[in-house]
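Undergrad: Sequence:
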Amino acid sequence: MSKLLAVWGPTGAPGRTTVAINVASELAELGQSVLLIDADSYGGAIAPALGLIDDAAGFAAACRLAESGTLTAGDIENLSHSVSMSAGMLNVLSGITRTDRWPELTAERVKNVLACAAEAYDAIVVDVGFNLETDEEITSDLFAPRRNAATLTVLKHADCIVEVASADALGIARFIRAHDVLVDLYPQSLRLIVVNKVRTGLDPRGSSHAAETLSRFAGLHEVYELPLDEKALNASYASGKPLSMSAHTSKLRKKFAGIAQVLQPQRNVA
Numbered sequence: 006m007s008k009l010l011a012v013w014g015p016t017g018a019p020g021r022t023t024v025a026i027n028v029a030s031e032l033a034e035l036g037q038s039v040l041l042i043d044a045d046s047y048g049g050a051i052a053p054a055l056g057l058i059d060d061a062a063g064f065a066a067a068c069r070l071a072e073s074g075t076l077t078a079g080d081i082e083n084l085s086h087s088v089s090m091s092a093g094m095l096n097v098l099s100g101i102t103r104t105d106r107w108p109e110l111t112a113e114r115v116k117n118v119l120a121c122a123a124e125a126y127d128a129i130v131v132d133v134g135f136n137l138e139t140d141e142e143i144t145s146d147l148f149a150p151r152r153n154a155a156t157l158t159v160l161k162h163a164d165c166i167v168e169v170a171s172a173d174a175l176g177i178a179r180f181i182r183a184h185d186v187l188v189d190l191y192p193q194s195l196r197l198i199v200v201n202k203v204r205t206g207l208d209p210r211g212s213s214h215a216a217e218t219l220s221r222f223a224g225l226h227e228v229y230e231l232p233l234d235e236k237a238l239n240a241s242y243a244s245g246k247p248l249s250m251s252a253h254t255s256k257l258r259k260k261f262a263g264i265a266q267v268l269q270p271q272r273n274v275a
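In the working numbering, the protein residues as written are 6 to 275.
Each hint should be verified, as a subset may be incorrect.
Claimed, not checked - The calculated lysine-lysine pairs, modelled on DSS-like cross-linking and capped at a C-alpha distance of 27 Å, are:
no.: 1; residue 1: LYS8; residue 2: LYS236
no.: 2; residue 1: LYS259; residue 2: LYS246
no.: 3; residue 1: LYS256; residue 2: LYS236
no.: 4; residue 1: LYS246; residue 2: LYS236
no.: 5; residue 1: LYS236; residue 2: LYS259
no.: 6; residue 1: LYS8; residue 2: LYS116
no.: 7; residue 1: LYS246; residue 2: LYS256
no.: 8; residue 1: LYS8; residue 2: LYS259
no.: 9; residue 1: LYS116; residue 2: LYS161
Quick caveat, the hints were computed from the structure, so don't treat them as lab data.
I would like the entire structure built from these sequences, with the hints used as guidance.
TA: Dropping the structure here:
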């Protein structure tokens, strides 16, 4: 059965895209068929991070086909970029290249794309936007598209929400407030909490105490910490490849591999 993983985090660039790319790549390295989708309606970042040149916005194109009722798994494959991994292939549906294209990502379209993708992939990893506002109450047109429809639709249907927090003091404060909103919206959702950019050793900014802060003030006791590894990240950005390809032995890459082990879909054994 296909597994839908939503990667979300609050405003302030906590590292949603980095987490989404590397979780998806590690799942592919485990032999899973994986589709990585950029559904951030405030501007896609996955394609530039992977060095993909794309003006078509594969996810938006899939959404248009979904509305017409003609979308197939083959269309998704044709619209996606293929990124070769050492143990498999990662397919990527790139995000919108201009923020004014967000009306193309309606709730019904996004839902249909996810349903179609579930027929062909073991795991679907979706990078969503930060904003959780439902905004129905502040619009006079109840039938108008919603800016956050893509994010909210993915979160609603996700089998697991990977929540990403930046380890600095401001990032943790933003995360705790936004996490409470997320829980109110989707109280039954399974969650995996990731604290990103943790500085080790001498740490004047206090990021090494981020997990302790989340445990004390938010009641989040099971937290996965990702160390700030600028050397590995720079290698990834420079090459346009995930850490599994660009910094295979780095501590950060090994952390992502561990997270993927927890998140991977369980295949039925006949």
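Undergrad: Each hint needs a verdict: does it hold in this structure or not?
TA: Against the structure, the hints:
Straight-line distance between C-alpha atoms of LYS8 and LYS236 comes to about 32 Å, which puts the hinted pair past the 27 Å bound. Distance restraint check for LYS259 and LYS246: the Cα-Cα separation of roughly 16 Å lies within the 27 Å cut-off, and the hinted pair is therefore satisfied. Among the hinted pairs, LYS256 with LYS236 is consistent with the structure: their alpha-carbon atoms are about 11 Å apart, no more than 27 Å. Restraint check for LYS246 and LYS236: satisfied, since their Cα atoms lie roughly 14 Å apart, inside the 27 Å limit.
Taking the CA atoms of LYS236 and LYS259, the gap is about 14 Å. The hint holds against a cut of 27 Å. The hinted pair formed by LYS8 and LYS116 meets the criterion: a straight-line CA distance of about 14 Å does not exceed 27 Å. Of the supplied pair hints, the one linking LYS246 and LYS256 holds, its CA atoms being roughly 16 Å apart against a limit of 27 Å. Straight-line distance between C-alpha atoms of LYS8 and LYS259 comes to about 22 Å, which keeps the hinted pair within the 27 Å bound.
Between LYS116 and LYS161, the direct Cα distance comes to roughly 10 Å. Compliance with the 27 Å bound is thereby established for this hinted pair.
This entry does not satisfy hint 1, going by the numbered hints stated previously; all others are met.
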